[in-house]
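Enquirer: Could you put the whole structure together from the sequences, leaning on the hints where they help?
Protein sequences, first through last, are from chains X and E.
Mapping of the first sequence onto the numbering used here: residues 1 to 153, in sequence order.
Mapping of the second sequence onto the numbering used here: residues 1 to 265, in sequence order.
Hints are computed from structural coordinates only; laboratory data are not their basis.
Every residue, glycine too, gets a C-beta built ideally from N, C-alpha and C.
Please note: incorrect hints may appear among the correct ones.
Unchecked claim - Over the 10 Å line for every Cβ pair with chain X, so calculated as not near, a few chain E residues:
#1 Leu112
#2 Ala174
#3 Ile254
Claimed, not checked - Simulated DEER-style distance windows between Cβ atoms:
#4 E:Lys101 / X:Pro72: 15 to 23 Å
#5 E:Val219 / X:Arg12: 44 to 52 Å
#6 E:Pro236 / X:Ala27: 51 to 59 Å
#7 E:Thr248 / X:Arg12: 47 to 55 Å
#8 E:Val90 / X:Phe93: 33 to 41 Å
#9 E:Glu129 / X:Leu10: 38 to 46 Å
#10 X:Leu40 / E:Trp12: 23 to 31 Å
#11 E:Asn89 / X:Gly36: 57 to 65 Å
#12 X:Pro72 / E:Lys165: 41 to 49 Å
#13 X:Ala27 / E:Gly72: 27 to 35 Å
#14 E:Arg168 / X:Gly126: 23 to 31 Å
#15 E:Asp128 / X:Trp30: 34 to 42 Å
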Amino acid sequence: MNKSHPLTVLFRLGTFVLLPLMVALSAVWWFKGASGEGTLVRFANALLTSFTLMSFVLLFTLFVYGDARKRPIAPLFGMCLSGLIGAGLTVYFLSQGELLMEDNGSVRAQALSNIIRFGTTMIGLGLAGMVVAGALFSSVMSGPRNTILFEEE
Amino acid sequence: MEEATQAFVFFWLAGLFLLFGFMLSFFSKVHWQRRAGLFLFGAGLLSLMATPWTLPFSPSSAFGHLLGSLIGPSVLLGVGFYQITFSGNVPVGKLGPGDRKIGYVMVVGGVLWLQGMHWWHLTPTYPDEVNRYWLIFWPTMLLGVLAISSGAYGVLAMVGVQRQKEQRLMGGVAFFALYSILVGAFFDGPNVNSERFVSQVFLAAADVFGALVGALFAVLVFALVLVVYERQQPDPDRLEPPNAEQLTQASRMIAQQMEGGVEDE
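Expert: Here it is, written out as structure tokens:
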């Protein structure tokens, strides 16, 4: 069997995921001429929020890792630091005037709004994943059972 | 109770319960911890969904309203796909053909319900205008379905054997999502016009890309932290190499296994 390099596989998979998104966004932009106002601010807010919250979620997973490794403190400290750096960066950039502020009056309101919007994004992606996985598994289980035929030595 | 305290207890603490409960029930291997996790998850979800009544003064309660609005189609889709999947070729616990038909009806009902929330009068409205989190959710879900089904198409093309039917299905799902985005961008719904939908599609794309890049950075930091920690650990004690007697015993056992014994059924 012809084995591809892992990076090539990753690149092909990335193309399959991103290309249709780019086509959809380009088509909408081309025909409707959207201004794209506020997208960079949204991107930056989503990035900072995602980094911070994911760091804390991964911190939780370290408790499972700790079960097999005599409960080390160092990785917990590392991820806690990562989450705190993310939170610090978020507060710092939100405090820089209008740089990352949207329709909220204070840094706290913007940060909390970012968290709720991140939750909404996760629910949207989660439900999308459920639809695709459900459709795929329904189809896989509906077909005839595949058998693996071994060649005789 | 003060409004800020109420918001903390009924919204933020509930959100923390939801997240912590999900992780506990998902990752823990201890039975009672998994049950406690499920309880926390359920309590958090109920509290969040009740925020339109418990926190009517807070703009965050629109999120709870969205959760409540999505329960119906989510349950229809989830249970529907379960019914279809487990009435297929499963070795145990197979459901009957009637369940399969019910599953199809539920999935179609769930999809129509979600589409009806954009194209009909089912749009979540809170308190007297379209729920702002619905405007984020719907384009995000459509973009998510497009990206994930295209990715699944790619995975099937790369590693799937005799999976042309599934590939066609994933292509169809991706096309349906793309079609929904384009139709929404060109035609007004009863509550959301096309201009508003287009701007929300771009903002949703920014949200999705931002969330993915942020998560990727967090995972990279996580991997880096573990690699640094593991490299600082002393090497495990090395065993002495086997002596001649142990090697003889091992070769005798291997020979016994290679010769085979009495055949099983």
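Enquirer: Give a verdict on every hint.
Expert: Here is how each hint holds up against the structure:
1. Leu112: Per Cβ check, leucine 112 of chain E is outside 10 Å of chain X; nearest 13 Å; holds.
2. Ala174: The claim breaks: alanine 174 of chain E does not keep its Cβ more than 10 Å from every Cβ of chain X (closest is about 6 Å).
3. Ile254: Correct as stated: the minimum Cβ-Cβ distance to chain X is 21 Å, above 10 Å.
4. E:Lys101 / X:Pro72: 15 to 23 Å: 54 Å, violated
5. E:Val219 / X:Arg12: 44 to 52 Å: Since the Cβ atoms of valine 219 of chain E and arginine 12 of chain X sit about 21 Å apart, the hinted range of 44 to 52 Å is violated.
6. E:Pro236 / X:Ala27: 51 to 59 Å: 57 Å Cβ-Cβ, so the 51 to 59 Å window holds.
7. E:Thr248 / X:Arg12: 47 to 55 Å: 51 Å, holds
8. E:Val90 / X:Phe93: 33 to 41 Å: 51 Å, violated
9. E:Glu129 / X:Leu10: 38 to 46 Å: Holds - the Cβ-Cβ distance for glutamate 129 of chain E and leucine 10 of chain X, about 43 Å, lies within 38 to 46 Å.
10. X:Leu40 / E:Trp12: 23 to 31 Å: 28 Å, holds
11. E:Asn89 / X:Gly36: 57 to 65 Å: Given a distance of about 47 Å, which is not inside 57 to 65 Å, the answer is violated.
12. X:Pro72 / E:Lys165: 41 to 49 Å: With a Cβ separation near 48 Å, proline 72 of chain X and lysine 165 of chain E satisfy 41 to 49 Å, so the hint holds.
13. X:Ala27 / E:Gly72: 27 to 35 Å: For alanine 27 of chain X and glycine 72 of chain E the Cβ distance comes to about 31 Å; the hint holds.
14. E:Arg168 / X:Gly126: 23 to 31 Å: 25 Å, holds
15. E:Asp128 / X:Trp30: 34 to 42 Å: 35 Å, holds
Checked against the numbered hints given earlier, the structure breaks hints 2, 4, 5, 8, 11 and satisfies all the rest.
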